[in-house]
Amino acid sequence: MSAQTEPLTVKDLNTESPRWCAGCGDFSIIMAVKRFMVDAQLTAHETVNVSGIGCSGRASFYIDTYGVHSIHGRAIPVAMGLALARPELNLFIHSGDGDAMSIGGCHLIHGVNKNFNCVFIMYDNELYALTKSQTSPTTRKGHKTNTQPAGSYLDPIHAVSLVLGIGGSFVASTADWMPDHLTNTLKAAFAHKGFSFVHVSQRCPHFDPNNFDHKTSSWFSFLEDDKGIAPDKRLVGKTEVVKHDPTNKEEAFKFASSERPYFGLFYVDPNKPRYDQILINQTKETPSQPIADLFKTFKI
Amino acid sequence: MSKENLKVSRFELLMDAGFGAQKAGDILIRAFAHMGKYVFIEPMIPAEISPPARSRPALSGVIVRTAEFDLKNIGNDTDLIIAQHEIVLDRRLDDEEYSPDCKILLDMGYKASNEDSYEQVCKRASKNGINVYPFELSAEAQMLIKALGGKGRNMYYLGMLSAIYCVPEEFMIDEITAIFGKRLAPEVYDKNIKIFHYGHEHASTNFQHSYEIAGKPSDDKDRILIDGNTALSLGLIDAGVKLLSGYPITPASSIMHTLAKVSPSYGGMVHQAEDEISAIGTALGSYFGGVPAATATSGPGLSLKQEFIGYAGVAEIPIIIIDVQRSGPSTGMPTKTEQSDLTAAIFGAHGDHTKIVIGVGNVLDCFYAPAFARYLTEKLRLPVFIMSDFIMANSYKVIEKPKTCELKDVDDIPDYILDHFWMDRLPDNIEMVRDIQANPGTPGQMRRVTGLNTDKSGSVNYFAKTNQRSHAVRNEKVHHVQRALRAPELFGGVEEGELLVVGWGTTRGSIAEAVHSCQDQGLKVGGMCFRVVYPLPLMLKEIFSKFKKVVTVEMAYGDEYKRTPLAMFLRSKTLVDIEPMVCRATGRPISPQTIENEIKEILK
Ligand code: SF4
Numbered sequence: 026m027s028a029q030t031e032p033l034t035v036k037d038l039n040t041e042s043p044r045w046c047a048g049c050g051d052f053s054i055i056m057a058v059k060r061f062m063v064d065a066q067l068t069a070h071e072t073v074n075v076s077g078i079g080c081s082g083r084a085s086f087y088i089d090t091y092g093v094h095s096i097h098g099r100a101i102p103v104a105m106g107l108a109l110a111r112p113e114l115n116l117f118i119h120s121g122d123g124d125a126m127s128i129g130g131c132h133l134i135h136g137v138n139k140n141f142n143c144v145f146i147m148y149d150n151e152l153y154a155l156t157k158s159q160t161s162p163t164t165r166k167g168h169k170t171n172t173q174p175a176g177s178y179l180d181p182i183h184a185v186s187l188v189l190g191i192g193g194s195f196v197a198s199t200a201d202w203m204p205d206h207l208t209n210t211l212k213a214a215f216a217h218k219g220f221s222f223v224h225v226s227q228r229c230p231h232f233d234p235n236n237f238d239h240k241t242s243s244w245f246s247f248l249e250d251d252k253g254i255a256p257d258k259r260l261v262g263k264t265e266v267v268k269h270d271p272t273n274k275e276e277a278f279k280f281a282s283s284e285r286p287y288f289g290l291f292y293v294d295p296n297k298p299r300y301d302q303i304l305i306n307q308t309k310e311t312p313s314q315p316i317a318d319l320f321k322t323f324k325i
Numbered sequence: 002m003s004k005e006n007l008k009v010s011r012f013e014l015l016m017d018a019g020f021g022a023q024k025a026g027d028i029l030i031r032a033f034a035h036m037g038k039y040v041f042i043e044p045m046i047p048a049e050i051s052p053p054a055r056s057r058p059a060l061s062g063v064i065v066r067t068a069e070f071d072l073k074n075i076g077n078d079t080d081l082i083i084a085q086h087e088i089v090l091d092r093r094l095d096d097e098e099y100s101p102d103c104k105i106l107l108d109m110g111y112k113a114s115n116e117d118s119y120e121q122v123c124k125r126a127s128k129n130g131i132n133v134y135p136f137e138l139s140a141e142a143q144m145l146i147k148a149l150g151g152k153g154r155n156m157y158y159l160g161m162l163s164a165i166y167c168v169p170e171e172f173m174i175d176e177i178t179a180i181f182g183k184r185l186a187p188e189v190y191d192k193n194i195k196i197f198h199y200g201h202e203h204a205s206t207n208f209q210h211s212y213e214i215a216g217k218p219s220d221d222k223d224r225i226l227i228d229g230n231t232a233l234s235l236g237l238i239d240a241g242v243k244l245l246s247g248y249p250i251t252p253a254s255s256i257m258h259t260l261a262k263v264s265p266s267y268g269g270m271v272h273q274a275e276d277e278i279s280a281i282g283t284a285l286g287s288y289f290g291g292v293p294a295a296t297a298t299s300g301p302g303l304s305l306k307q308e309f310i311g312y313a314g315v316a317e318i319p320i321i322i323i324d325v326q327r328s329g330p331s332t333g334m335p336t337k338t339e340q341s342d343l344t345a346a347i348f349g350a351h352g353d354h355t356k357i358v359i360g361v362g363n364v365l366d367c368f369y370a371p372a373f374a375r376y377l378t379e380k381l382r383l384p385v386f387i388m389s390d391f392i393m394a395n396s397y398k399v400i401e402k403p404k405t406c407e408l409k410d411v412d413d414i415p416d417y418i419l420d421h422f423w424m425d426r427l428p429d430n431i432e433m434v435r436d437i438q439a440n441p442g443t444p445g446q447m448r449r450v451t452g453l454n455t456d457k458s459g460s461v462n463y464f465a466k467t468n469q470r471s472h473a474v475r476n477e478k479v480h481h482v483q484r485a486l487r488a489p490e491l492f493g494g495v496e497e498g499e500l501l502v503v504g505w506g507t508t509r510g511s512i513a514e515a516v517h518s519c520q521d522q523g524l525k526v527g528g529m530c531f532r533v534v535y536p537l538p539l540m541l542k543e544i545f546s547k548f549k550k551v552v553t554v555e556m557a558y559g560d561e562y563k564r565t566p567l568a569m570f571l572r573s574k575t576l577v578d579i580e581p582m583v584c585r586a587t588g589r590p591i592s593p594q595t596i597e598n599e600i601k602e603i604l605k
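For the protein sequence lines, the chains are A and H, in the order given. In terms of this note's numbering, the first sequence is residues 26 to 325. In terms of this note's numbering, the second sequence is residues 2 to 605.
You may find that some hints are simply not true.
[To be verified] The calculated lysine to aspartate or glutamate pairs, modelled on EDC-like cross-linking and capped at a C-alpha distance of 16 Å, are:
#1 H:LYS457 / A:GLU41
#2 H:LYS549 / H:GLU580
#3 A:LYS321 / H:ASP223
#4 H:LYS262 / A:ASP318
Keep in mind the hints are simulated off the structure, nothing from the lab. From a predicted model like this one, the values you see are computed outputs, not experimental measurements.
The task is simple: from the sequences and hints, build the whole structure.
Shown next as structure tokens:
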């Protein structure tokens, strides 16, 4: 691998201007990814951003690294292939709430369980946006959409609880309007080896302008711990900060299932086995055979 | 025993699932092969794991064809059957694959409590003019089988078959030892051997007929006994494919099984995905990373993968898709064969879509196809299919050990592989939709792919001209192949005549045998089978024009109003009035005799 000669800057990571609506939370999320890459001085050409379909799906096109804008819901399988083939690459997955939890729900379960090494960023704007406002798995009950105009019928699926429940080894939640907290979350997620699930509450001013009151903070709390993620600097003192040991799964469930939103690191388990590593090591450790012996056991 | 010398014979062993019929078949054909005879074996596998014993779905067995000459297919009707009981026999009689003087050796061991049923089946057989030879296992053998908890009956039948087909006992013991020796406890092994001897003795003393097929015992050429799916698996290794990403599905799973065991020794790995869609997605991820990958599936899985297949062509990520066809549509008959996925492979994904489709017709094709597929998919960055099928996947054959090429860079693909598929080398610089095709890790290239339309620079673009160009570039890739394809081999070198019989994939062996036989009888018949089915070579119309009539043979449904996939496709390509001559969706392979009869019917 060749090293980057000049230090990486945010400018190096910019591409053509994103085709998102003004004020969209997606801008802040990719900016945080770029900021983190610069802070960590990752090598851009050794980084791959993989995404699915939806507004969030375009993220992989707006960061100047390698990228796969794949098909709806299937970013995880593609990233899995990269993790097996090129474990040395830095791998980020960008997926929306419909992408990750509806059409790609099965892959999320198995990505989390296989615990392959990547940072998974879930852009949760709580509706389908690119297809023009339909109910998604995380849409809040009663919210009017084009497919459920009388108000969405069901309680949303809580992404953090779900991923905790299926055994996530790194489960964090943050929001697009807290750049400092978001970048720090990505940093912790990247440092963790395994499937790092980062839930991001994301504003969609176009279809749901009143969701997520980003001007006030009293409606949510931060989780804090030495092993966790520090609360957003700008908001300290403006809202509640709760102590939570991220190795305590039971407590993590309690926070996740609370009515009140919590941002921070819910859970981390650095020892969960990694499927990618198991497969790679197995091949590495198997004594190699010459092709000449390929038919040895089939000889007559 | 009176001995008859034969050039070729076909026999069957029919048992309940789980009693080791296929194991017995394996042992026997290895012995045959060692004696220099040619063999072709087709296992009959129930779709369920362990259907109730003495039921029709429990039928499990082997069909073995053996000859003094090289065999390319499972042949025509069966000459001799050993059946464990009347029910498996009754089930198999339904298929009507027995010769007029077929001999059935029926084990009467279950008769006591099933008198009526036995009587009915025996009547059915004799009504069809088949001789049934009832027998019972010797008392000594029965005691041993009891001691083995009901196991070992297959050894008795194996003994009988080896006596009937004149295989010296020591040859058989060697093979039994090679297959079971280390796995069985010594006392269990001894009992099995004893049962085998009792069976041999039984047939030698009680059965009037025996058959000898000439064979040249091993020359110095290395020979191997291999089935289609194993050949494909080893071919993937030789082709330098490092990842097989699949999901369990009959009859493709054995590719995953073989590679899970073998590929780590060659630097490869097997990934069992959570579903069919994920399986191909992971293969694509690997190939995007520059590491060659394939996915293997069967019909239902092919339907599921279509969106990713379409994506791969647009994103220009190479991918090899193996489709081991089974009887469809929908779940169909998972352990029966068919060739009806051709249209799904050629036209499957939505939108105007481009891809290459290879059809394998014997185990050597299976071994070479992955290297050829890798060459095509990396040169063109289009999805490449390898189409096999249930019979191809599971039939064993003895072949000379194939050459290996240990493919690294696809530009180094050896000529013998291109020649095998009747194709010339592709041009060096094939235009891509996007200029940048670098693998991650290459500085300054930053390749980003998408299923959206893009311009040359890779930027998403919905303009009229750019989209039209993308189509043209993708289609031109296919046209390159079309131009590079040579005329497929014409059987017997016959280039003109009354009738041309055309096929693809697995029916090749039967078509070739039927056509050669007709040619030997002085009929003006030609035959040809495609190894690349999509696209087709350019000179087809010219070839077809030299024959008065062109017909196809396909294991696919067709009737007066519905044409089979290949016939339909050939008509549209050549405007020649091509009819399917033999088109069946019975789940059973088409025999050379069936084809020969139809040829004669047309030429009457
Ligand atoms: S529709 Fe919503 S999510 Fe999509 S770009 Fe506009 S603001 Fe962002």
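Checked hints:
no., hint, result
1, H:LYS457 / A:GLU41, "15 Å, holds"
2, H:LYS549 / H:GLU580, "12 Å, holds"
3, A:LYS321 / H:ASP223, "10 Å, holds"
4, H:LYS262 / A:ASP318, "14 Å, holds"
Figure legend: structure checked against the earlier numbered hints; every hint is met.
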